[in-house]
Amino acid sequence: MIDYQQRMNPAILQIPPSGIRKFFDIANEMEDVISLSIGEPDFVTPWHVRQEGIRSLEDGKTWYSPNRGFSELRNELSVWFNRHYQVEYDPNKELLVTVGGSEAIDLCFRTLLAPGDEVLVPQPSFVCYAPLASMAGGVPVIIETKAENRFRLTPQEIEEKLTPRTKLLVLPYPNNPTGAVMRRADLEAVAEVVKKHDLFVLSDEIYSELTYGGTPHVSFASIGDMRERTVVVNGFSKAFAMTGWRLGYVAGPRALVSQMTKLHQYGIMCAPTTAQYAAIEALKNGDADIQNMRSQYDMRRRLIVDGFNRMGLTCFEPEGAFYVFPCIRSTGLSSEEFCEKLIYQEHVAVVPGPAFGACGEGFVRVSYSYSIKHITEALRRIEHFLGELRR
Amino acid sequence: MDKLLGLLQENARLSCEQLAVMLGKTPAEIESQIAAYEKAGVIRGYHTLINWEKADANHASALIELRVTPKRDKGFDEIADKIMQFEEVESVYLMSGGFDLAVRVNAASMQDIALFVAKRLAPLDSVLSTATHFILTRYKDGGVVLNPEDERDERRTVLCD
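The listed protein sequences correspond, in order, to chains A and B. Heads up: the first sequence runs through residues 0 to 390, numbered per numbering that gives the first Met the number 0. Heads up: the second sequence runs through residues 0 to 160, numbered per numbering that gives the first Met the number 0.
Calculated from the structure, these hints are not laboratory results. Cβ atoms here follow ideal geometry from the backbone N, Cα and C, with glycine treated the same way. A portion of the hints provided could be inaccurate.
Said to hold, decoys possible - Sample of chain A residues with no beta-carbon within 10 Å of chain B, all distances over it, derived: (1) Ile-53; (2) Ser-77; (3) Asn-91; (4) Cys-326; (5) Arg-328; (6) Arg-390.
To be verified - Capping the alpha-carbon separation at 35 Å, the derived lysine-lysine pairs in DSBU-like fashion look like this: (7) A/Lys-261 x A/Lys-166; (8) A/Lys-372 x B/Lys-81; (9) B/Lys-81 x B/Lys-118; (10) A/Lys-372 x B/Lys-24.
Isolated chain A, as found in the complex (with noise of 0.2 Å):
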């Protein structure tokens, strides 16, 4: 018998799983379950997008890519994100195509930190950072924002977690599981902070395209001289609704980006090349349908908001991805007690706030990446579920 458990790395037996298979576990089980827990569109990604690669497929072109991806796609990129975003890169020497955003911020981690360097991670936020920083061999040091902030990031707040040992920042906005997005003048407040001490910063941006209310996204990198410090992260799943083709990119300091091309080199090869002849086509022609799709995440949003605050579970406006983050606490419940019991009674699967992070607990994750017909009927049995709960 091979004794498994001492002969894996250590360092990773010791990084804990998701915490949140459980839910998914109970909701698969049941037969009604309305769910709003899925972290991805529910938008099929464009026709003519689609088209883009099974035509790829057709003409028979499987074979690998260039490492950083294929020329066109890197051309094309560099020219949206200047569009979109004011900031240019040199399509050759500061762009990469990854597999999906994970994978940029994996190699971001690998190829920033040194043993030991901490990282500090924001929370509530998308679960990887803090695992991947690990594996990296850096010391995540996790930030916890506020619901009084709506859960923006404050300079204080940065420095408050200052060591020698920091280096880099992430900056995971806007957010998941909150919707908060920083505004210029909050990302110059950062700023000032990172370039007193010297500091990185990767900003995770994948949610870029899905802000509300008119104002558009900021790129941490087109703040004053932020570029030669950031490391974007993006991707194509939740602009254009392309989750399940993997395809993501970096964009940041030529050295940098050097680097991390070269881990990518060795432990991918290259990011999928149907994905990535579809993904030209997303980025020539795809920018009525990011409209098209911000506009119905839009109207959810303001009746899923608005829906909360009529149950009295207090929920700050979301200003971007495709969640709302309502706090739970005016039940006397838990965040696993609220999930666990709106799932057994109601059939709602909705998650913990505590899977996003310690500072989560008291809110619960909601999608609205749902139909309107799907959403009305989730809010009516939460407010049945509140109406038991109150008896």
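Given chain A, work out where chain B should sit, using these hints.
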């Protein structure tokens, strides 16, 4: 306010309150806008999209191409006006191309449609010829796929993305 029309076209059963929330207006504003659209004839009615093939086996429909002689001063309006009076007629369009009017007709059977064409449409004064195409299957109607293969949400939770 064309977003309002878009929402109503997709689902006419949304309440004024729901529409107001989604569009960032007050229910009163929505009500008066809808009233204005109705008055102006922009909104011409609210109906339910029914998949008759599922609801009722006795249902047939056809698309009929008509070639007609236009009347002096009245063009095609007069004949169109006559045709749309028939209860069986669901829609009448004036077309460009090889024929003039496209008429969609509903009835209980193909036989009934054939009779309708022979006895009612073809004998009309200015009708030169008819070509009747029976609709065999409706895949998509009014922007809605009628018999989707699988409506389950195939998305799975991965990690906690």
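Right, here's what the structure says about each hint:
Interface exclusion of A/Ile-53 from chain B stands, the closest Cβ pair being 18 Å apart, more than 10 Å. Listed as outside the interface, A/Ser-77 is consistent with that label: its C-beta sits roughly 27 Å from the nearest C-beta of chain B, beyond the 10 Å cut-off. Distance check for A/Asn-91 against chain B: the nearest CB is about 31 Å away, which clears 10 Å, and the non-interface claim stands. Non-interface call for A/Cys-326 relative to chain B: holds, since the shortest CB-CB distance, roughly 19 Å, exceeds 10 Å.
Every Cβ of chain B is farther than 10 Å from the Cβ of A/Arg-328; the closest lies at roughly 21 Å, confirming the non-interface assignment. Listed as a non-interface residue, A/Arg-390 keeps its Cβ farther than 10 Å from every Cβ of chain B; the least gap is roughly 26 Å. For the proposed pair A/Lys-261 and A/Lys-166, the alpha carbon gap of about 21 Å is at most 35 Å, so the pair holds. For the given pair, A/Lys-372 sits about 41 Å from B/Lys-81 by alpha-carbon distance, which is inconsistent with the 35 Å threshold.
Restraint check: the Cα-Cα separation between B/Lys-81 and B/Lys-118 comes to about 14 Å, which is no more than 35 Å; the hinted pair holds. For the hint pairing A/Lys-372 with B/Lys-24, the CA-to-CA distance comes to about 20 Å; that is within 35 Å, so the pair holds.
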